[in-house]
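S.K.: One letter stands for each residue in the lines below.
There are 2 protein chains.
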Amino acid sequence: MASAVNPDLERERKRATFDRETLTNFLYGGAQKKQRRRYLKNAVFSDPEYQAMKSRVFCSREELYALHLQKYSIFRRIQENLNITDQEECFIIRQAIGPNEYYAIGVHGFMFIPTIQKLGTEEQKRKWLPLAENLTIIGTYAQTELGHGTFIRGLETTATYDPKTQEFVLNSPTITSMKYWPANLGKTSNYCVIMAVLNTQGKNHGLHSFMVPLRDLKTHKSLPGVEVGDLGPKFGFNENDNGFLRLHHVRIPRDHMLMRYAKVAEDGAFTVSTNEGSRLTYGTMLFVRAMIVSGTSTVLGMACTVATRYSAVRRQTEVSPGGPEAQIMDYQTQQYKLFPLIATAYAFRFTGHSIFNYYTTINANIEKGNLEDLPQLHALAAGLKAFCTSVAADGVEICRLACGGHGYSHASGLPWMYTKATVECTYEGENTVMFLQTARYLVKCYNQMKMKKSLPSSFAYITDNLSGKSDLDNKLNFDSIIEAYEHRAARLIKAAALNITFWMKAGNKVWDSTNKSSIQMVWAAKASCHLFVVKTFINLVTSANLDPKVRTALTTLCRLYAVNGMIENMGQFSQDGFLNETQINMLNGRLSALLEEVRANAVAFVDAFEYHDNELHSCLGRYDGQVYEALYKYAKSSPLNDTDVHSSFHKYLAPLKKESKL
Amino acid sequence: MASAVNPDLERERKRATFDRETLTNFLYGGAQKKQRRRYLKNAVFSDPEYQAMKSRVFCSREELYALHLQKYSIFRRIQENLNITDQEECFIIRQAIGPNEYYAIGVHGFMFIPTIQKLGTEEQKRKWLPLAENLTIIGTYAQTELGHGTFIRGLETTATYDPKTQEFVLNSPTITSMKYWPANLGKTSNYCVIMAVLNTQGKNHGLHSFMVPLRDLKTHKSLPGVEVGDLGPKFGFNENDNGFLRLHHVRIPRDHMLMRYAKVAEDGAFTVSTNEGSRLTYGTMLFVRAMIVSGTSTVLGMACTVATRYSAVRRQTEVSPGGPEAQIMDYQTQQYKLFPLIATAYAFRFTGHSIFNYYTTINANIEKGNLEDLPQLHALAAGLKAFCTSVAADGVEICRLACGGHGYSHASGLPWMYTKATVECTYEGENTVMFLQTARYLVKCYNQMKMKKSLPSSFAYITDNLSGKSDLDNKLNFDSIIEAYEHRAARLIKAAALNITFWMKAGNKVWDSTNKSSIQMVWAAKASCHLFVVKTFINLVTSANLDPKVRTALTTLCRLYAVNGMIENMGQFSQDGFLNETQINMLNGRLSALLEEVRANAVAFVDAFEYHDNELHSCLGRYDGQVYEALYKYAKSSPLNDTDVHSSFHKYLAPLKKESKL
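Top to bottom, those sequences are chains A and B. The opening residue of the first sequence carries number 1 in the UniProt record's numbering; numbering runs sequentially from there. The opening residue of the second sequence carries number 1 in the UniProt record's numbering; numbering runs sequentially from there.
Calculated from the structure, these hints are not laboratory results. Keep in mind it's a predicted model, so treat the numbers as computed, not measured. Fair warning: there could be bad hints in the mix.
[What the hints assert, rightly or not] Computed from the model, here is a short list of chain A residues facing chain B with C-beta under 7 Å:
(1) Val57
(2) Ala66
(3) Ser73
(4) Phe151
(5) Trp181
(6) Gly232
(7) Gln316
(8) Tyr336
(9) Thr426
(10) Glu430
(11) Thr432
(12) Gln575
(13) Ala635
(14) Leu656
In this text, a Cβ means the ideal position worked out from N, Cα and C, and glycines have one as well.
Input sequences plus hints: build the corresponding full structure.
M.R.: Put into structure tokens, the structure is as follows:
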């Protein structure tokens, strides 16, 4: 019986208006790729070592770290057994083994090896890449310091060249200069690429990259002068040994500076061949941000899967006296929490694809030396990274709260997802800093527009002419929706630009004038990103090659996304009367109607993402809907229940009792 | 040197425009009470056993649970040594020992003993109260079940009377009927008050309370038929053994039913003396919600303390090339994150006082049998519980994110605060359910107003006449502000009421019509609570007996709270043109100006709360601002650093390496 599907959930699946398998095929690039995906995941889920692993939520921090390494070794074994080399396929396997976890040795593959590839000379590459690839050396990349994050010119670590011994002396001169946060740094890595200020022949030459051995390659003991360790428990990512590193006059040979673009000669003479290096690093950064945008759909989609399935199964409060209790998904307030988030998960998925294609196209131009589109790509990637991660993190929490008390238990899987989703708001470019970078670009575009210069196509909507009114009516025509989002973004960009000008004219310097306008700049950047997402979703449902029933269902979801966004930001859409009171009332009415339309397909929409029970780690989000049996089993396996009477009873509770005669 | 105060922080303290000690005196009811508070806290902080405790973030779940009991035994010892009996003073001591933690044996004191007092006969009280007070029996209160939360008529646990043996048979007939979530249930309690459906003489008599022994009073072993345990790790509150309890035909004597208001005779005959019982339970519920409202100020105030002090100390990005990096508190975006939250922490503090006084007054009437004001109090308490907890939880996260990467570490103390703040959105009345209860009352008031009946004073603003326009100008007159908040609330209440009527007229039943209007009902309830908080804050700064400089500073903070609330909900204030475009632009300008005005006092405002370093548990929020030394110390004490080479290296990492010749 326990393996049967809960009848409420079964009924939900039957009432869908489209074939969810068809949608899954579309999401994963066709039936064949979807099958391949299933095959790879199944290779993980059927692996005996994988199956025998301890549940991560029952692990101590120490066990969690060890589990993390174990997962990596399982990954390597499966990868070798199946002879997988394709990066996307590797990604699927890693995700299946440890979803919403930081990859063990992730920085080794994503940053350490690529940095050697990009910044090393041919000789350096010949020396280190084979060692890195066979894991003789395991490396990480250390840039941020205890006192310095975003502002990299503030970094303090020094690399001083000593021509006598032909060595660099790496040093952390202050407490704030110690490297802090790099992943895999504390216990795992034996090597590190370190960003440090180069001093040679008495001159400071700015930041350069150095290969620094941290631990003995045989014993793994930390080397003399290297003070390295884990930085302690965190909100999440406790499987990872994010670390601190303090260097006490550590000497490395001259050839440990990565010298493809800048060299220090034996005598200490410094030469730069080209500053192409920073451009290459820049490309990596943009790539990572595009990856993060794609990832937001995954974590939000998983949270929606959990909350939606649970909302189909959970019943609460009888509708009429003595009648059955209602599925909580029938409550309008529950629909209002979840359905716009399902729409968002889809919107971000398509946005991820879009920004990624965009990146690929523009990057090809950049590689050819055409840098024209770089600012545009940078503005898009920075803003979308911030927009999508913050919406996704908030969305995961809404899903968790929508599951009531059980959402608070790790049995739901949702707290873990949240700690994963929220960290993305901070790393790889803190979100407020990202929005401001985008906003500065938008203001620049506005000023260009004022000077009658042409704008890149993505930003051609920026205008000074905001006198029009919306023609939006209850048909919710997509052109009218786009027009409304464009109007809002254009108005906020103009307001931010004028505000800066106002403060400049009042005699303030650029920094102060910009700072005094930065709240409005963030609003402008958010509106501009929101517009991009809405346009992308609309473009997909109108132009992609979709099955008709799938198109109809996705079109409704797309309308819900757009309408909900307008209602959530109503002040910005209506401040200048662009939308009038009648239109706002119409939108409120359409919101309710769209929620009812999505209702029939809610479960099918989340099923279509095809997140496996083993990936969700959730008693509430199980495919079979057998929620209560799973919660009971989870409770029984809590390590606190290993003994009936906990040892602390004898130590603390029993002594508190006074004599009695019951 | 490390004990000196960071000069940036010292300068912030000197620039305050008021004497922060004077504000502290006001907050804690005068200089004498403040001194007493300090004395009690110091008794904790100077206690050797307290000082020797392991840091909670380095504990395993098992250790954390034991630590929790240890803290309770420290509390009892200090309480006895100082001979403290006053409940408020006990509260101060407990808070100092374990801030933002669930009290060990909390339910024993808050629910178990009061339930015996309220629902027990004189004989039952004589028997059990002394045993409970000397901790021979340690009890909890079990109502919610695995499948049943808010809707208590859905509870399934049965208590069937067997006249042959004069016993009740307690049983959990299904998996969903097992008790789930009660605090202290899993490992700590040996007794429990259980809410169960009474069956006697073949009839169901609804829910009643039963005293059920769970564990042997000597050995603490669980009793036959009692399947009890911890329910596993959660997002937070892992110090507490929230439990599950499945009863397998457990027999208890007849006199274990709490029989003050309802009795079962020896032959099984059921009689009710009065249904006063539910009214008493109701009073407890309202009291708890008023307590929660007060508590939201504490957790949000602590988070603001951490983020504000850190923002004074942390520097990032040079203002002009080569110049010093700016304190991050000088960034407008940072001010926009933090200062409205400082204002909110103050607003909620005064709201907590207000609702508490309100409760005391109305409760006195209720005790006299005058129930007239009960619905009003219920509507206020339910809505404010939901409003304040959700704003506070979101606010704590904003504080955490405002601290960048370091905010994500448990070293900041902020993740712990968040898991404490967010659970309050769910327990003691799930927030959406609470808002809807308030909204139903508001709609009822609206309909009464339409019938020309008078309304309770708190809701006298409800009106049908919404044709007026705001006269708000840049003086931000308090009457105009209140009028704007009243207009917004009244408009949303009217909209919700008319929406229900619309659906009723279209032929829908009450449940459906209300459900189809519930998004708007929640908006109405939020607006009404927001209005209450704004009015309370304004009333305080205009009417309380305040030092003139403190009054000036708090008045600015109050204006910031009100203006920020209008901007955040601009659509609701401007939809019908009540505020026009010029006024909105004026508000945006005033927001920037108010942030700059608050800037000088930000640190003084959080200092005035006087949360001790030992309570904040935060490297970032230290009074002395020595943030980086503290983070370094935290990192070094991470248990993962107990050994230089972690054992998992040999098990997982080393085997991955291939032979090499470096």
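S.K.: Hint by hint, which ones does this structure get wrong, listed from lowest number up?
M.R.: No hint contradicted; all consistent.
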